[in-house]
Structure formats: C-alpha cells, structure tokens
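Colleague: With the hints as extra help, turn the sequences into a complete structure.
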Amino acid sequence: MKLLSETQLRATAIICPILMLAGIYNLGYLFGYILYLDFSHLTMEQAFRITTVVLAIIATVVFVKRFKALKQHFFNIDS
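Just so we're aligned: 58 in the working numbering is position 58 of the sequence shown, and the numbers increase by one with no gaps anywhere.
Treat the hints with care, since some could be wrong.
Claimed, not checked - Pairwise CB distance ranges, derived in the manner of DEER restraints:
{"no.": "1", "residue 1": "Thr-60", "residue 2": "Ala-11", "range": "16 to 22 Å"}
{"no.": "2", "residue 1": "Val-53", "residue 2": "Ala-11", "range": "24 to 30 Å"}
{"no.": "3", "residue 1": "Ile-57", "residue 2": "Ala-11", "range": "21 to 27 Å"}
{"no.": "4", "residue 1": "His-41", "residue 2": "Gln-72", "range": "43 to 49 Å"}
{"no.": "5", "residue 1": "Lys-65", "residue 2": "Tyr-29", "range": "23 to 29 Å"}
{"no.": "6", "residue 1": "Ile-14", "residue 2": "His-41", "range": "38 to 44 Å"}
{"no.": "7", "residue 1": "Ala-13", "residue 2": "Leu-37", "range": "32 to 38 Å"}
{"no.": "8", "residue 1": "Lys-65", "residue 2": "Asp-38", "range": "27 to 33 Å"}
{"no.": "9", "residue 1": "Phe-67", "residue 2": "Ser-40", "range": "37 to 43 Å"}
What the hints contain is simulated information worked out from the structure, not anything from laboratory work.
Beta carbons are placed, not taken as given, at the ideal position from N, Cα and C, and that holds for glycine.
Modeller: This is the structure:
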C-alpha cells in the first residue's frame, strides 16, 4: 500500500472542508425546511441557520478527528 505524501495529505485537508461545506449547505436547507415545518414560530432563514451551524460543528469535529487519525497512521506522529 502506497502511503500519502505530506503534500497529498495537505491537499486533502484543504479539499475535504470545501466539499463538506457544499454538503452542509445543501443539508442545511433540507433539515432547515423540516425544522421550519415542525416549529412554526421559526422563519425559514432561522431554521436554515440553526441546522447549518449544527451540521458545520459536527462536520468539523469529525474531520479533525479523522485528520488526526490519518496523520498518525501515515506519519506515525504522536500528538
């Protein structure tokens, strides 16, 4: 198995969050609409913002954990 170079790992660290943001934006609309339907006192924009922020926090935590695991696996670095 060929290991990723440091440059490839850094490129992954740049590209993955961009892709995650695009997905979060789309999922934010979907879940925001569901939230909007369930809670009539929220406007659509408020529901979209709430779900987008929650999804962004979850995605960031998952990405950081995965990136640290990849870094340790490929470079055997203890942090």
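Colleague: Are the hints correct? Go through all of them and say.
Modeller: Hint-by-hint comparison with the structure:
Range check, Thr-60 to Ala-11: about 19 Å between beta-carbon atoms, so the 16 to 22 Å window is met. Take Val-53 and Ala-11: their Cβ atoms lie about 27 Å apart, and the range 24 to 30 Å holds. Range check, Ile-57 to Ala-11: about 24 Å between beta-carbon atoms, so the 21 to 27 Å window is met. At about 46 Å, the beta-carbon gap between His-41 and Gln-72 stays in the expected band of 43 to 49 Å.
One distance hint, 23 to 29 Å for the beta-carbon pair Lys-65 and Tyr-29, holds here, with the actual separation near 26 Å. Under the hint 38 to 44 Å, the C-beta atoms of Ile-14 and His-41, about 40 Å apart, fit the expected range. Under the hint 32 to 38 Å, the C-beta atoms of Ala-13 and Leu-37, about 37 Å apart, fit the expected range. At about 30 Å, the CB distance of Lys-65 to Asp-38 agrees with the hint of 27 to 33 Å.
Separated by about 40 Å at the C-beta atoms, Phe-67 and Ser-40 satisfy the suggested range of 37 to 43 Å.
Consistency note: the structure conflicts with none of the earlier hints.
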